[in-house]
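When you get a sec, could you build the whole thing from the sequences and use the hints?
Residues per chain, in single letters:
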Amino acid sequence: MVMSLTEKRYLQECLISKPPLRPDGRNDDQFRPIEVFTDFLPTSNGSSKIVASDGTECVVSVKSKVVDRSLEDDLIVVDVDITGRRDDSPLVQEIASILNRVLLLQIDQEQLRLTQKYSFKLYIDVLVLSSYSHPLTLISFAIYSALNSTQLPTLISSEDDLDVAELPTFHDYDMSKLNIDIPIMFTLAVCGQNVIVDPASSESDVASNGILVTWCKGKVGAPIRTLSLNEEYTRGIHPDRLAESIRLIEILAPKVLQALDG
Amino acid sequence: MSRLEIYSPEGLRVDGRRWNELRRFECSINTHANASDGSSYLEQGNNKIITLVNGPQEPKLRSHTNATKAVLTVSVNITRFSKTERSKSSHRNERRVLEMQTALVRTFEKNILMHLYPRTQIDIQIHVLQQDGGLMGSLINGITLALIDAGIAIYDYISGVSIGLYDTTPLLDLNTVEENAMSSVTLGVMGRSEKLSLLLVEDKLALDRMESVLAIGIAGAHRIRDLMDKELRKHGEKRLANVSSNQ
Amino acid sequence: MLNTTDRRRILGPANAKPLVFDRSSVPVEENQESAKKSSVSTGNDAIYIENGIVVNCNGSSYLEVRSRTNDKNCTLLLTSIYGPRPSRGAFNAKATLSVQFKEVTLEKIAAGQIKEICTFLTNVFNAVVNLERYPKSGIDVFLSLIHSSSGQQDFELESIITACVNGITLAFVDAGIEILDTVSAGMYKRNVTAFMKNGTEVVGFWKDDDEQSSSENILEIVEKCKEHYLTNRKTMIEFMVRNKNASD
Chain A
1 MVMSLTEKRY LQECLISKPP LRPDGRNDDQ FRPIEVFTDF LPTSNGSSKI VASDGTECVV
61 SVKSKVVDRS LEDDLIVVDV DITGRRDDSP LVQEIASILN RVLLLQIDQE QLRLTQKYSF
121 KLYIDVLVLS SYSHPLTLIS FAIYSALNST QLPTLISSED DLDVAELPTF HDYDMSKLNI
181 DIPIMFTLAV CGQNVIVDPA SSESDVASNG ILVTWCKGKV GAPIRTLSLN EEYTRGIHPD
241 RLAESIRLIE ILAPKVLQAL DG
Chain B
1 MSRLEIYSPE GLRVDGRRWN ELRRFECSIN THANASDGSS YLEQGNNKII TLVNGPQEPK
61 LRSHTNATKA VLTVSVNITR FSKTERSKSS HRNERRVLEM QTALVRTFEK NILMHLYPRT
121 QIDIQIHVLQ QDGGLMGSLI NGITLALIDA GIAIYDYISG VSIGLYDTTP LLDLNTVEEN
181 AMSSVTLGVM GRSEKLSLLL VEDKLALDRM ESVLAIGIAG AHRIRDLMDK ELRKHGEKRL
241 ANVSSNQ
Chain C
1 MLNTTDRRRI LGPANAKPLV FDRSSVPVEE NQESAKKSSV STGNDAIYIE NGIVVNCNGS
61 SYLEVRSRTN DKNCTLLLTS IYGPRPSRGA FNAKATLSVQ FKEVTLEKIA AGQIKEICTF
121 LTNVFNAVVN LERYPKSGID VFLSLIHSSS GQQDFELESI ITACVNGITL AFVDAGIEIL
181 DTVSAGMYKR NVTAFMKNGT EVVGFWKDDD EQSSSENILE IVEKCKEHYL TNRKTMIEFM
241 VRNKNASD
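Sequences listed follow chains A, B and C, in order.
FYI, full-length UniProt numbering numbers position 170 of the first sequence as 170, with every residue one higher than the one before it.
FYI, full-length UniProt numbering numbers position 112 of the second sequence as 112, with every residue one higher than the one before it.
FYI, full-length UniProt numbering numbers position 226 of the third sequence as 226, with every residue one higher than the one before it.
Worth flagging that the hints you see were computed from the coordinates, not collected in a lab.
Errors might be hidden in some of the hints.
[To be verified] Distance windows between CB atoms, simulated:
no.	chain 1	residue 1	chain 2	residue 2	range
1	C	Glu216	A	Asp39	38 to 44 Å
2	A	Gly218	B	Arg24	41 to 47 Å
3	C	Pro86	A	Pro254	50 to 56 Å
4	B	Arg18	A	Gly262	52 to 58 Å
5	A	Gly25	B	Glu26	44 to 50 Å
[As the list claims (entries may be wrong)] Quick list of in silico lysine-lysine cross-link-like pairs, DSSO-like style, CA-CA up to 30 Å:
no.	chain 1	residue 1	chain 2	residue 2
6	C	Lys226	B	Lys60
7	A	Lys217	C	Lys197
8	C	Lys224	C	Lys108
9	C	Lys102	A	Lys219
10	A	Lys8	C	Lys197
11	C	Lys136	A	Lys219
12	C	Lys226	C	Lys244
13	B	Lys88	C	Lys102
14	C	Lys102	C	Lys136
15	B	Lys88	A	Lys121
16	A	Lys121	B	Lys83
17	B	Lys83	A	Lys65
18	A	Lys217	C	Lys94
19	A	Lys8	C	Lys94
20	B	Lys83	A	Lys117
21	B	Lys60	C	Lys244
22	A	Lys255	B	Lys60
23	C	Lys108	B	Lys88
24	B	Lys88	A	Lys65
25	A	Lys177	B	Lys60
26	A	Lys65	C	Lys108
By construction, the Cβ of each residue, glycine as well, lies at the ideal position given by its N, Cα and C atoms.
Set out below in structure tokens:
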């Protein structure tokens with residue numbers, strides 16, 4: 001929705017006030033409701049669909065392939081497709097690059113190992129059907145749910161295949177759950193002295209700056225960085241806001257994970 | 001050739017259907033109310049398709065304006081993960097997809113009452129989450145449902161279905177395995193009539209068998225039309241009940 | 001700036017003489033000889049700055065950052081700024097800023113990471129450049145990384161980002177485009193922080209390693225970056241003052 005200058009100024013004043021008055025009445029540490037569906041694509045190893053209350057929708061599919069470990073460097077590949085944006089637009093490339101790096105950095109590739117020689121390679125395809133605010137949080141939630149629901153075929157051949165030239169063979173129908181630590185990412189908006197989580201599109205439009213915080217293995221991890229939410233209202237922020245947003249995520253992330261797992 | 005028996009002497013197909021049976025057909029409309037003006041989600045066999053209609057709206061480009069009627073655009077997004085094996089390329093600008101888009105635009109231009117919406121644009125966006133044969137027919141069904149949800153005036157339902165010819169037996173509503181094993185035809189049928197708005201033949205087909213193929217195709221399309229109609233009426237009643245209970 | 005054409009305004013008679021303010025810009029030749037050498041050593045880095053190398057742009061800077069402890073660690077960066085120049089299309093009350101990054105010699109950085117750097121830098125300078133001052137115009141920043149070698153890898157993204165922030169600020173000053181403060185970045189381990197207003201405000205924060213990421217540690221990191229920022233800024237200001245004195 002396009003807002004007039006006056007509307008934006010009014011909204012900005014609301015968000016700057018202590019405590020922030022958010023247009024949808026949320027607290028500063030409150031997320032919008034989301035709906036998650038998993039495992040609806042039988043031809044994928046894992047899948048999830050996530051719908052936010054503002055209509056933002058994201059579909060993630062996880063497909064796997066057996067590869068020779070000596071030939072492949074990266075065992076996780078993320079592909080992002082946002083409707084209405086070209087594949088070479090800055091937002092799409094930035095999000096794809098961040099996700100690729102975070103997943104490669106935070107997920108131990110040993111966990112995908114199959115035998116001495118072979119490994120699973122995961123292809124994570126993200127399709128954003130519609131998005132209004134910065135879609136990174138929602139995409140990372142969707143990837144989390146998809147990877148959490150991923151089932152990989154169970155190996156029945158021996159794990160030690162260095163000396164024998166044998167391809168891995170799998171059980172006909174038994175699947176085993178993929179067990180890995182999956183990072184999730186949060187976008188926060190800074191408005192004056194306030195830090196708010198999960199900014200809606202209108203809030204992003206008037207935020208002074210955005211902060212991206214990653215959560216993995218029970219603690220805040222890399223990358224943490226400032227993020228562009230709009231061009232017009234971008235300002236410098238006090239260093240305390242950085243610490244504050246990390247503190248907020250340290251409290252919220254376990255709860256969010258609990259909700260996503262439940 | 002595949003080792004699978006496409007059509008057994010007992011008259012059963014690979015997935016256990018008879019020659020004249022449709023696949024599972026489930027649809028729902030208004031699934032993406034916040035993201036679009038009209039939307040539908042369709043499962044036809046293992047095809048899973050999301051269709052979003054936006055419009056009639058102001059054209060984004062001045063060049064897309066027609067003073068006498070609406071401009072229709074269709075974009076088909078076949079996702080990389082839609083088949084069992086993940087495809088390396090995004091199917092964005094593939095010739096096959098572009099041809100499908102043009103065929104869909106031509107089909108629906110004739111079905112929408114375009115003259116009612118001058119100087120506007122109607123955008124149809126399709127996301128194929130999973131495909132298993134007879135894609136074109138499913139796309140047509142998805143668009144019909146989404147257009148109705150958007151409240152855009154159309155003359156009648158168009159229902160799409162594919163029919164194959166195995167030896168001398170026509171088989172209704174093919175899946176991927178069957179589609180790869182025989183030549184097939186895709187039909188778009190207007191409502192309960194026997195009028196065709198689309199006839200797509202991409203393989204060789206004996207002309208003297210065409211009649212039986214069309215006959216079973218039209219019958220199948222009528223059945224799909226009834227299934228869509230039933231779902232729409234159910235949805236309509238639910239919406240109506242909501243409205244009256246709120247008053 | 002008369003070399004830019006503006007088709008939305010009536011420009012007046014063709015033979016009109018423009019208003020000339022006292023010493024509005026320094027001729028390029030003069031610039032080059034005066035600012036020949038500005039090698040300043042601060043902390044662990046030796047920084048060499050030069051202005052006005054690219055002649056056909058509105059402002060440019062050349063930056064050489066060399067580590068004193070390890071001679072092989074070195075970043076060479078050329079920044080050029082074009083604009084403010086009239087932008088086409090819809091009316092904009094503010095200038096739009098774009099940052100483009102290119103590796104001139106060896107291409108070692110992944111395309112996605114380059115896009116990440118560009119959006120990060122655009123975000124930093126959106127907060128810094130006085131964009132209201134230049135309506136319906138565009139300012140384009142082009143970064144050319146000539147050489148970079150540091151750390152265990154072939155390159156260290158963080159030291160490149162630090163050099164980019166400092167280089168862009170110097171180029172903005174050279175172009176005479178209004179900025180709210182001399183922004184500069186400081187690096188500590190694999191963390192970069194860009195500051196303004198004497199280190200009281202953060203305009204950009206980039207952290208790429210897992211260590212010390214709890215809320216208590218983050219302020220320590222910022223504090224460490226700030227030390228580096230202050231030395232970097234001092235170098236830059238000294239250079240600008242010397243440059244100005246030489247041209248007077």
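Starting from Lys60/B, check that the Cα of Lys244/C is at most 30 Å away, please.
-> Cα-Cα ~50 Å, so violated.
Lys83/B and Lys117/A: Cα distance at most 30 Å?
-> Judged against 30 Å, a Cα distance of about 27 Å means the pair holds.
For the pair we were handed, Lys8/A and Lys94/C, check the Cα-Cα distance against 30 Å.
-> Holds - the C-alpha atoms of Lys94/C and Lys8/A are around 16 Å apart, at most 30 Å.
Measure nothing beyond the straight line between the CA atoms of Lys65/A and Lys108/C; if it is 30 Å or shorter, mark the hint as holding.
-> Holds. Lys65/A to Lys108/C sits at ~28 Å (cutoff 30 Å).
Given the hint that Lys136/C pairs with Lys219/A, does the C-alpha gap stay at or below 30 Å?
-> violated, 45 Å
Hint consistency between Lys88/B and Lys65/A [alpha-carbon to alpha-carbon, up to 30 Å] | holds, 13 Å
Verify the proposed pairing of Lys102/C with Lys219/A, using a straight-line Cα cut of 30 Å.
-> violated, 35 Å
Satisfaction of the hinted span 38 to 44 Å by the C-beta atoms belonging to Glu216/C and Asp39/A | holds, 40 Å
Would the pair Lys217/A and Lys94/C pass a check requiring their Cα atoms to be no farther apart than 30 Å?
-> violated, 43 Å
Taking 30 Å as the top limit, are the C-alpha atoms of Lys226/C and Lys60/B close enough?
-> violated, 47 Å
Regarding the pair Lys226/C and Lys244/C, is the alpha-carbon distance no greater than 30 Å?
-> holds, 26 Å
Would the pair Lys177/A and Lys60/B pass a check requiring their Cα atoms to be no farther apart than 30 Å?
-> Since the Cα atoms of Lys177/A and Lys60/B sit roughly 47 Å apart, the hinted pair is violated (cutoff 30 Å).
Of the hints listed earlier, those the structure fails to meet are numbers 4, 5, 6, 7, 9, 11, 18, 21, 22 and 25, in rising order.
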